[in-house]
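**Q** Given the sequences, and given the hints that come with them, work out the whole structure.
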Amino acid sequence: MTDKKKADQQASPKNTHVNDTSSNAQRIRLLDHMLTHGSVNTFQAMRQLNILRPGARIAELRAAGHMIKTHLGTLEDDQGRRHPKVATYYITAQPSAGSEEAA
Numbered sequence: 269m270t271d272k273k274k275a276d277q278q279a280s281p282k283n284t285h286v287n288d289t290s291s292n293a294q295r296i297r298l299l300d301h302m303l304t305h306g307s308v309n310t311f312q313a314m315r316q317l318n319i320l321r322p323g324a325r326i327a328e329l330r331a332a333g334h335m336i337k338t339h340l341g342t343l344e345d346d347q348g349r350r351h352p353k354v355a356t357y358y359i360t361a362q363p364s365a366g367s368e369e370a371a
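For the sequence shown, the residue numbers in this note's numbering are 269 to 371.
These aren't lab readings, by the way, just hints derived from the structure by calculation. Predicted model only: the values in this text are computed from it and were never measured. For glycine and all other residues, C-beta sits at the position ideal for the given N, C-alpha and C. Please note that the accuracy of each hint is not assured.
Computed beta-carbon distance windows for the label pairs [as the list claims (entries may be wrong)]:
| id | residue 1 | residue 2 | range |
| --- | --- | --- | --- |
| 1 | 305 | 342 | 17 to 23 Å |
| 2 | 344 | 290 | 29 to 35 Å |
| 3 | 364 | 340 | 25 to 31 Å |
| 4 | 289 | 350 | 17 to 23 Å |
| 5 | 348 | 290 | 28 to 34 Å |
| 6 | 361 | 292 | 18 to 24 Å |
| 7 | 287 | 350 | 29 to 35 Å |
| 8 | 332 | 305 | 15 to 21 Å |
| 9 | 316 | 292 | 17 to 23 Å |
| 10 | 364 | 316 | 27 to 33 Å |
| 11 | 364 | 286 | 25 to 31 Å |
| 12 | 348 | 305 | 19 to 25 Å |
| 13 | 340 | 289 | 21 to 27 Å |
| 14 | 323 | 344 | 15 to 21 Å |
**A** In structure tokens:
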């Protein structure tokens, strides 16, 4: 029998419950959302992904080699109030195979 190393299944986006507030789980959810939907804004990250400080998680993903662009714009919150300079994050590239994995 061969001894192959498998990826940690606990780190899989499908196994990362929204109630898991660890930094690693938040990075996984954030990255998965951007890869699936193309972008995420601060309100979405907080409301849908349970990430209190999305900017910090974005900084950690960037440090791990993910190319993420930020656009600041005016967005409305759930109550219809306009907020200037709300960040929307776009992933533009994945880290190369030789770099450290983000999540």
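**Q** Give a verdict on every hint.
**A** Going down the list of hints, with the structure as the test:
1. Between residue 305 and residue 342 the Cβ separation comes to about 20 Å, which falls inside the hinted range of 17 to 23 Å.
2. Checked against the given bound of 29 to 35 Å, the beta carbons of residue 344 and residue 290, roughly 30 Å apart, stay inside it.
3. Roughly 28 Å separates the CB atoms of residue 364 and residue 340, a value that falls within the hinted 25 to 31 Å.
4. Evaluation of the 17 to 23 Å hint for residue 289 and residue 350 yields a failure: the beta carbon distance comes to about 29 Å.
5. At about 33 Å, the CB distance of residue 348 to residue 290 agrees with the hint of 28 to 34 Å.
6. Hint check: residue 361 to residue 292, Cβ distance near 21 Å, so the stated range 18 to 24 Å holds.
7. Checking the proposed 29 to 35 Å range against residue 287 and residue 350 shows it holds: the Cβ atoms sit about 30 Å from each other.
8. One distance hint, 15 to 21 Å for the beta-carbon pair residue 332 and residue 305, holds here, with the actual separation near 20 Å.
9. Taking 17 to 23 Å as the suggested C-beta distance range, the pair residue 316 and residue 292 conforms, at roughly 18 Å.
10. The supplied range of 27 to 33 Å is met by residue 364 and residue 316, whose beta-carbon atoms lie about 29 Å from each other.
11. Range check, residue 364 to residue 286: Cβ separation about 30 Å, and the 25 to 31 Å hint holds.
12. For residue 348 paired with residue 305, a C-beta distance near 23 Å keeps the hint of 19 to 25 Å intact.
13. A beta carbon spacing of about 26 Å between residue 340 and residue 289 agrees with the range 21 to 27 Å that was offered as a hint.
14. The hinted window of 15 to 21 Å between residue 323 and residue 344 holds, with their beta carbons roughly 20 Å apart.
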